[in-house]
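K.L.:
Given chain A, work out where chain B with the ligands should sit, using these hints.
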Amino acid sequence: MNLKANSYRLRQDVLDIIYRAKTGHIGGDFSVTDILNVLYNQVMDITPENFGRNDRDHFILSKGHAVEALYAVLCQKGFFPREDLLTVSQYGSKYIGHPYNKVNGIEMNSGSLGHGLSVAVGMAIAGRMDKSSHRVYAVMGDGELAEGSVWEGAMAGGHYKLDNLCAVIDRNHLQISGTTEYVMNQKVQEERWAAFGWNVISVNGNDVDALQQAFADAAAFKGKPTVIVAHTTKGCGVSFMENQAGWHHRVPTAEEYEKGMAELKAKEAAANE
Amino acid sequence: MNKIANKQVICEVLMEKAKNDKDVVVLCSDSRGSSSLTPYADAFPEQFVEVGIAEQSLVSIAAGLARCGKKPYAASPACFLSTRSMEQAKVDCAYSHTNVKLIGVSGGVSYGALGMTHHSATDIADMASIPGMRVYLPSDRFQTRKLMEALYADTDPAYVRVGRNAVEDIYSEDNCPFEMDRATVLGEGSDVAIIACGEMVKPAVEAMEKLKAEGVSAGVLDMYCVKPLDAAAVIKAAENAKAVVVVEEHTRLCGLGAMVAQVLGENCPRRMKSLGLPDAPAIAGKSQEVFDYYGLNADGIAAAAHELLK
Ligand SMILES: Cc1ncc(C[n+]2csc(CCOP(=O)(O)OP(=O)(O)O)c2C)c(N)n1
Ligand SMILES: [Mg+2]
Chain A
7 MNLKANSYRL
17 RQDVLDIIYR
27 AKTGHIGGDF
37 SVTDILNVLY
47 NQVMDITPEN
57 FGRNDRDHFI
67 LSKGHAVEAL
77 YAVLCQKGFF
87 PREDLLTVSQ
97 YGSKYIGHPY
107 NKVNGIEMNS
117 GSLGHGLSVA
127 VGMAIAGRMD
137 KSSHRVYAVM
147 GDGELAEGSV
157 WEGAMAGGHY
167 KLDNLCAVID
177 RNHLQISGTT
187 EYVMNQKVQE
197 ERWAAFGWNV
207 ISVNGNDVDA
217 LQQAFADAAA
227 FKGKPTVIVA
237 HTTKGCGVSF
247 MENQAGWHHR
257 VPTAEEYEKG
267 MAELKAKEAA
277 ANE
Chain B
6 MNKIANKQVI
16 CEVLMEKAKN
26 DKDVVVLCSD
36 SRGSSSLTPY
46 ADAFPEQFVE
56 VGIAEQSLVS
66 IAAGLARCGK
76 KPYAASPACF
86 LSTRSMEQAK
96 VDCAYSHTNV
106 KLIGVSGGVS
116 YGALGMTHHS
126 ATDIADMASI
136 PGMRVYLPSD
146 RFQTRKLMEA
156 LYADTDPAYV
166 RVGRNAVEDI
176 YSEDNCPFEM
186 DRATVLGEGS
196 DVAIIACGEM
206 VKPAVEAMEK
216 LKAEGVSAGV
226 LDMYCVKPLD
236 AAAVIKAAEN
246 AKAVVVVEEH
256 TRLCGLGAMV
266 AQVLGENCPR
276 RMKSLGLPDA
286 PAIAGKSQEV
296 FDYYGLNADG
306 IAAAAHELLK
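One line per chain: the protein sequences are A and B, in this order.
Under this note's numbering, the first residue of the first sequence carries the number 7, and numbering increases by one thereafter.
Under this note's numbering, the first residue of the second sequence carries the number 6, and numbering increases by one thereafter.
Chain B extracted, bound-state conformation:
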């Protein structure tokens, strides 16, 4: 099992960039530990800004830095970054169009037993609803690296969400196909297309294998680019299949499932099922316990597919 969390990879990439680019700046809000950015803060004190427990100020200061030519990365737990500083993200990053990269760590239900204040079950909805804000949920460490490289190379604001713990690899060092803002096709199926993002890609792949063994032809799209959603990939996968299952570590409302449904409804209606968290505080427990409770696992995804194909 891989031991490196996606947020650690973000730290690695930022340290590599900071070495040769003095304009790279990381900002934290008493969050360097939870963001795995302590090595960065120690190595690049001149390119690091600590703002204290002040997520609104964190994002506005980042926007000010960006306006003056810096390349700021503002890192804080996804729960606070996406809601407490939502207006700063809307006005100072997206509306003023500043090159701020928002790094939401320990996203979804990573902080399982800490309650709704610490869950970011609405961050896709919050951030994706802002005109001009992009939203990315990479699945594994290899994809996280490719994504961070691509984001470093552009100048638009973006929100990235990663989880707290290391997740199993989907890709490998020499096999990680990546094209910016294009979903990665992990399999094609003529019965069901499974569309997933972030930590849900792994169970989606497991469900695909399980379904294949049961005689169902299933495919998986890794939709790390939640916004801009790769609509063409959604349409292509859906046209090939009879049904679509979407799975995300997010409330079922206004997230990836809703965005996919919109594309399907407008272009190629298919029976679909959207799996996610309820419109209520999530049950307390470790991530996996929470996932299992809500059927956000291979069995739950496969069951949803069977139900649709009945």
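For reference, chain A alone in the conformation it holds in the complex:
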């Protein structure tokens, strides 16, 4: 699979979902798309066939508001039919605006920020108890890091030296009210995690090749959990949405939809050349 082209393909699905549903978190979807694409299509052993087992890899989208990107990836992997995407956020649908484990492919519900890392710690401890080789991945937002519970999980991960655990921070420098540095300073992530006993890898989180290398390095590292500080661009892929706090959960107009779609299609085509 051409992962680079696929990221732009997935973003088109996300744009479609949100434009149709008239709700969604497009900025955070676009910043995390490359991470989900690489994890599900290259790194993790999670398929519709093995989903019922415990000894496969495990994944939690702790920044649950980016569920549209997860829907796009899971649908492409065959967890549910494409028609189901038509029902996202509609009356009576199970495809709601946050991960819900009535949906095939989703294991933990999220949406309230700051839970995912500690849940992942539990999954990693279970893996160790069962002497399973599976790995556990949790993806968090950078605004989310203000929740104290994140650091309780970080402490436990470091304390138990869970090298089967990999946290990913979608470091896009934005949250709802503005930049993270304006709302609650998140600078020096790398030093903070190192101090909590984690192996830290910094990477361009919108570069699929760099991400693949980072996940490979994380899996090879023994004795500590790894955090990948994925430096991303919120709204990545559609130039007028990039680095704009306002696109956290804005719904595109018809004109914006056309413009965004054209840009994503052009980028997909270029990546395929």
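Among the hints, erroneous ones may be present.
[What the hints assert, rightly or not] Computed cross-link-like contacts, DSBU-like style, restricted to lysine-lysine with a CA-CA straight-line distance of at most 30 Å: (1) K230/A to K137/A; (2) K137/A to K28/A; (3) K75/B to K151/B; (4) K28/A to K207/B; (5) K215/B to K247/B; (6) K291/B to K108/A; (7) K28/A to K315/B; (8) K291/B to K247/B; (9) K265/A to K291/B; (10) K10/A to K193/A; (11) K215/B to K241/B; (12) K278/B to K217/B; (13) K28/A to K291/B; (14) K83/A to K100/A; (15) K315/B to K247/B; (16) K291/B to K100/A; (17) K108/A to K83/A; (18) K273/A to K108/A.
[Unchecked claim] FRET-style restraints, in silico, Cβ to Cβ: (19) Q250/A to P182/B: 40 to 48 Å; (20) K28/A to R276/B: 38 to 46 Å; (21) L9/A to E312/B: 55 to 63 Å.
[Said to hold, decoys possible] Listed next, the stretches of chain B that the computed footprint assigns to chain A, with coverage defined by at least 3 CB atoms under 8 Å from CB atoms of chain A: (22) 81–94; (23) 118–125.
Rather than coming from a laboratory, the hints here were simulated on the basis of the structure.
All residues carry an ideal CB built from backbone N, CA and C; glycine is no exception.
P.N.:
Chain B with the ligands alone, transformed into the frame defined by chain A:
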């Protein structure tokens, strides 16, 4: 249709107070937009504290401010404020008795399609169960203003829940009877007493009209003061009537319905029906779709009344 949400009125009142009282402080947890408090934050940067996405810290910092003489208003979506920071509300606000006003916005199923993480279907239960914590669910913008004025004037902790969208008016500029901690009587009936709070007051009033047209004598109590519950008003309304219907945007467990049932059982047993959300994640949809699905509308309330009077 009124276009001003109750949370916007809260912002207006806080801006009026902050102008003349430097001790008024508003705190948000990356929630100034959802709380409609951006105008406040822009106008009073010196009386505003942003804590980031950290609802526990939000409430404890507010308690610290209150201990040192400030009048803090901590605003965040009701779902997170009532559960994530419940222990902070219990220990730092109620138990330590600090003058913290907790403002839960976009309450109930306002965030319809965002799922159970974003619904506050348990906030009455959570907050009302804390000794010393008061719980208010104002119905419309006029009552919200009166409530905020009254809360500004006292020094005890309280939790206020308002919805996300503008709701239709119940009262008007010059007709909004309000007495703190006393239910507002919107009608008296000899067949059925309907008791409602928050966004459910409007359908309760509509049900009253509908029942009257059908020959049933119905009354409505706007029980914005869920705690301390106006038990005297409940008893009076029930004594006059044959049956009681309670309606709330909250799980049927441990909310207004349960509190009213306790008062009725102890004082004047009546046939009653409590309408609310199920003990399960609510169905996805817009608020009105969710209300209609669970019969939290005029038809559902009227049907419950007829059933009781059979
Ligand atoms: C506990 C909790 N508090 C508040 C919110 C509301 N909320 C949803 S997204 C968001 C901002 C998230 O920012 P960030 O973690 O940086 O995510 P991203 O930039 O990747 O979208 C907030 C405050 C929430 N979902 N959960
Ligand atoms: Mg962010």
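K.L.:
Does each hint fit the structure? Answer for all of them.
P.N.:
Results for each hint:
1. K230/A to K137/A: holds, 17 Å
2. K137/A to K28/A: violated, 45 Å
3. K75/B to K151/B: holds, 21 Å
4. K28/A to K207/B: Roughly 27 Å separates the two Cα atoms, so the pair holds.
5. K215/B to K247/B: holds, 18 Å
6. K291/B to K108/A: holds, 20 Å
7. K28/A to K315/B: With a Cα-Cα distance of about 45 Å, the restraint between K28/A and K315/B is violated, given a limit of 30 Å.
8. K291/B to K247/B: violated, 34 Å
9. K265/A to K291/B: Given that 30 Å is the threshold and the Cα spacing comes to 29 Å, the pair holds.
10. K10/A to K193/A: holds, 29 Å
11. K215/B to K241/B: holds, 23 Å
12. K278/B to K217/B: holds, 19 Å
13. K28/A to K291/B: holds, 12 Å
14. K83/A to K100/A: holds, 18 Å
15. K315/B to K247/B: holds, 11 Å
16. K291/B to K100/A: Status holds; Cα separation ~14 Å.
17. K108/A to K83/A: holds, 17 Å
18. K273/A to K108/A: It is violated: about 34 Å lies between the C-alpha atoms, which goes past 30 Å.
19. Q250/A to P182/B: 40 to 48 Å: Given range 40 to 48 Å: holds, Cβ gap about 47 Å.
20. K28/A to R276/B: 38 to 46 Å: holds, 43 Å
21. L9/A to E312/B: 55 to 63 Å: holds, 60 Å
22. 81–94: Coverage by chain A holds here, the residue count being 3 at a Cβ distance below 8 Å.
23. 118–125: Holds, because 6 residues of the stretch 118–125 of chain B bring their Cβ atoms closer than 8 Å to Cβ atoms of chain A.
In summary, the numbered hints that this structure violates are 2, 7, 8, 18.
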